[in-house]
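There are 2 protein chains.
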Amino acid sequence: MKALWFELGEASLREVPMPVRTSGESLLKLRVAGICNTDLELLKGYMGFAGVPGHEFVATVMDSDNADLVGRRVVGEINIPCGSCRLCHAGMGNHCPARRVLGISGHPGCLAEYFTLPDRNLHPLDDGVSDYDGVLAEPLAAGLRIADQTPVPDSILVVGDGKLGLLTAAALRRTGSRVWLAGHHEDHIEMLRPLEIYRDHGGLFPMVVDCTGNPDALDDILDRVEPQGKLVVKSTYAQSPAVDLSRVVVREITIIGSRCGPFAKAIELLRNPDVSKVLANVRQEVFPLEEALAALRVAAEKGKLKIMVEN
Amino acid sequence: MKALWFELGEASLREVPMPVRTSGESLLKLRVAGICNTDLELLKGYMGFAGVPGHEFVATVMDSDNADLVGRRVVGEINIPCGSCRLCHAGMGNHCPARRVLGISGHPGCLAEYFTLPDRNLHPLDDGVSDYDGVLAEPLAAGLRIADQTPVPDSILVVGDGKLGLLTAAALRRTGSRVWLAGHHEDHIEMLRPLEIYRDHGGLFPMVVDCTGNPDALDDILDRVEPQGKLVVKSTYAQSPAVDLSRVVVREITIIGSRCGPFAKAIELLRNPDVSKVLANVRQEVFPLEEALAALRVAAEKGKLKIMVEN
Chain A
1 MKALWFELGE ASLREVPMPV RTSGESLLKL RVAGICNTDL ELLKGYMGFA
51 GVPGHEFVAT VMDSDNADLV GRRVVGEINI PCGSCRLCHA GMGNHCPARR
101 VLGISGHPGC LAEYFTLPDR NLHPLDDGVS DYDGVLAEPL AAGLRIADQT
151 PVPDSILVVG DGKLGLLTAA ALRRTGSRVW LAGHHEDHIE MLRPLEIYRD
201 HGGLFPMVVD CTGNPDALDD ILDRVEPQGK LVVKSTYAQS PAVDLSRVVV
251 REITIIGSRC GPFAKAIELL RNPDVSKVLA NVRQEVFPLE EALAALRVAA
301 EKGKLKIMVE N
Chain B
1 MKALWFELGE ASLREVPMPV RTSGESLLKL RVAGICNTDL ELLKGYMGFA
51 GVPGHEFVAT VMDSDNADLV GRRVVGEINI PCGSCRLCHA GMGNHCPARR
101 VLGISGHPGC LAEYFTLPDR NLHPLDDGVS DYDGVLAEPL AAGLRIADQT
151 PVPDSILVVG DGKLGLLTAA ALRRTGSRVW LAGHHEDHIE MLRPLEIYRD
201 HGGLFPMVVD CTGNPDALDD ILDRVEPQGK LVVKSTYAQS PAVDLSRVVV
251 REITIIGSRC GPFAKAIELL RNPDVSKVLA NVRQEVFPLE EALAALRVAA
301 EKGKLKIMVE N
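Residue numbers (the working numbering), protein chains in the order written: chain A, 1 to 311; chain B, 1 to 311.
Only chain A is shown next, with the shape it has when bound in the complex (with noise of 0.2 Å):
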């Protein structure tokens, strides 16, 4: 089958074996992929990575010991646990140290025309949900994982207008909360008017959402959160950044590590006709899978919101 693959700072496409299912997992076939930042990341070596990338998907179910999942289309969790640990047994599988990571670490992405992942990661799809806002359930996943972590406050600004920072307000106003979006792109901006999300004007924020995946940045944006303010951040940096802990102390900020969020509550977000609209801008521009490396290129492009890949 052909797949996407990684090596030591080089993208390829190439045939490789189709993958084989073990018990309790799913061989699944692509539908449609998204192309994410960690993807770009692996690329220029973050990790060691090596082989096929791809996390952001909607596949059809092929094969399954699960009777009930063959031939719907589904979307996935990413984190692969052991099942067995301390932090496995406490509920927190995600955190596993021995997880695999769909396409990111010790399992094959999805960018491949063939992949697999156990049942219990595999959230069906309804009809109502197309396979190009399904693809962003886990990048919404990760916005709305943030309210589970910790109270979300009245305002809240989200810094970046990229497609993280874009994913990320779209999420946070659906918990009801009033959000402001800060970036250098006015249209992107712009296709956040149906969901009333508007531009920043400035100000303190008892919540601000970094998704600039500038670490250099990371100091000015502490400039915005209030005193006894939340600033949560979302991007994983291949240098470690200069924050100024004084300030954090002084002013008693609680900077608070976000990562992957509950799928079912995306889902529920992408049968909203309103974050539909917002999505379908988000996306830009679809490659058969044949033109990978093309979408790769492109997805780079400074500016660029979510590229994807069909199968």
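None of these hints come from the bench; they were simulated from the model.
A couple of the hints might just be wrong.
If chains are identical, the list can't say which one is meant, so a pair holds when it fits in one copy or spans any two.
What the hints assert, rightly or not - In the SDA-like style, the derived pairs of lysine to any residue whose C-alpha atoms are separated by at most 20 Å in a straight line are:
1) K44 - S105
2) K44 - V250
3) K29 - D131
4) K44 - D244
5) K44 - R247
6) K304 - E291
7) K265 - R73
8) K265 - G93
9) K277 - R199
10) K29 - M62
Following the hints, put chain B in place on chain A, whose structure we already have.
Here is chain B on its own, set in the frame of chain A:
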């Protein structure tokens, strides 16, 4: 009157005019003051400080509009909020942007024969609490602050066995948690035996408190925090330490900046005989006010615990 004076990196003992109390303030005569690392940082130029330092004290109220206070031994909170701004109205006076801070910013400190503070900052001390123990109400309150900010787990690691670490460990132990202490001074850790606090035994903790005062240690300290755990930072640093925020994101760690705490609860702690035994060991030398310069020099020596000045 005699006062310690900091200016342009130089400490001196000099004659300064008696302070004049305004309406709502008490005139205080120093009994005993503590020298804090913040004082040593101010001397090095932190915050461009010039004037009388000192913010840990037990004093006698000499004059006050509040007749009940006159003649009482008191300790006192160090923040003097404006009382009028949005944060003051929201009950966050400790974060008032216009606040003055005893011996740190805009208000002369307690390392002098006399000083003033608003009546509402003062807390009378019972006869059962010695002057020497009372001086430690301020740093003990800072340790107790953590439990006011966030739920405290069953097991806590305090890193750093200087005076801040010892007092923070003691304060956290009294919340009922089991507390371990990491540090290089075997004799300091021994001091905490009456409270059943023992030497760090390795492993991960749901809460780690940084009391090292060493920005370079932060990255190693982050390694001791469990996934979804909390890192509490209490030290202020002249430079911005580099923090591996990717690890904070991937492991969903929460970093909590923590500062001044509840005096009433700290005074309760001072009444506990086991706490008092620890405090007796944390206090290392007491100098008369006339020898405040020698006290400063000793306080700056490596590995020294609490140095006090007596009027």
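Hints, one by one, checked against the model:
In this assembly of identical chains, the alpha carbons of K44 and S105 lie at most 20 Å apart only when taken from the same copy (15 Å versus 48 Å across copies). In this homomeric assembly, K44 and V250 come within 20 Å of each other (Cα to Cα) only across copies, at 18 Å, whereas the closest approach inside a single copy is 38 Å. For the homomeric pair K29 and D131, the shortest alpha-carbon distance inside one copy (13 Å) is at most 20 Å, but the shortest distance between copies (75 Å) is not. Taking CA atoms no more than 20 Å apart as the test, K44 paired with D244 passes between copies only; the shortest distance there is 19 Å, against 28 Å inside one copy.
In this homomeric assembly, K44 and R247 come within 20 Å of each other (Cα to Cα) only across copies, at 18 Å, whereas the closest approach inside a single copy is 33 Å. Only within a single protomer do K304 and E291 lie at most 20 Å apart by alpha-carbon distance; the minimum there is 17 Å, versus 67 Å between protomers. Taking the shortest Cα distances, K265 and R73 sit within 20 Å of each other inside one copy (17 Å), while across copies they are farther apart (58 Å). Only within a single protomer do K265 and G93 lie at most 20 Å apart by alpha-carbon distance; the minimum there is 18 Å, versus 39 Å between protomers.
Only within a single protomer do K277 and R199 lie at most 20 Å apart by alpha-carbon distance; the minimum there is 18 Å, versus 58 Å between protomers. Within a single copy, K29 and M62 get their C-alpha atoms as close as 7 Å, which meets the 20 Å cut-off; across copies the closest is 83 Å, which misses it.
Checked against the numbered hints above, the structure violates none of them.
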